[in-house]
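**Q** Everything in the sequence shown is counted per this note's numbering, starting at 313 for the first residue and increasing by one.
Hints listed in this document are in silico derivations from the structure and should not be mistaken for laboratory results. A virtual CB, placed ideally from N, CA and C, is assigned to each residue, including glycine. Treat the hints loosely; a few may be bogus.
As the list claims (entries may be wrong) - Computed Cβ-Cβ distance ranges for the label pairs, DEER-style:
(1) 414 x 484: 21 to 29 Å
(2) 487 x 394: 35 to 43 Å
(3) 404 x 496: 26 to 34 Å
(4) 514 x 403: 24 to 32 Å
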Amino acid sequence: MTFDSAYWEDRYRTHPGAGCHPPSPHLVGLTADLPAGTALEAGCGEGGNAVWLARQGWRVTAVDIAPSALDRGRRYAGEQGPTVADRIRWVESDLTTWQPPDDGPGYDLVTSHYVHPEGPFEDLAIRLASAVAPDGLLVLVGHDTADAHSAQHAPGHASWRPDDIAQALDVADWEVLEAGTRTRTAGHGRPLHDAVLFAKRAGGRSPRG
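All chains, please: the whole structure from these sequences, using the hints.
**A** In structure tokens:
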């Protein structure tokens, strides 16, 4: 299966509300007590996480490959009022090629949830890590390999192991705060296993890219 722009645009056009979920409980639990700053939500879908971050005071860059998802995200943000809506910049782009502004210091928080890159997830994870500012945080959540053959998830690059991503980060530049699997309950009581990587970039250093 090819997770390209046509695939995602068709999915969002033909499945209204396909990505319209509450914010990730992992994101909420890991960041709710942090002071607000700048955030990158990579693969934002219909904006549940981006809008939640904006409500907490974060200035968010929300990137997704599907125009229909971004349109819904803008509408959802607009429904929260101008204060929230004005804190989010929506960007249509492929995460495997998108680059943050060269003149910026990076983001205080970079987060991504359940993205399906065309190539290995580790490559995308390192790209996202390179966008984190000194002393910033990286929060990645995805489908653990324990669920790789589940009917709930697409196969291949959609699944990854937290330890693999943790080992790909330079230990001189990163403190890994969590690299493990969390279990959540899906529809009909089915347990699903989420891969979670939570890391802090050292001050004044650059991640390996």
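**Q** To test your reading of the hints: which numbers does this structure violate?
**A** Hints that this structure does not satisfy do not exist here, as all of them hold.
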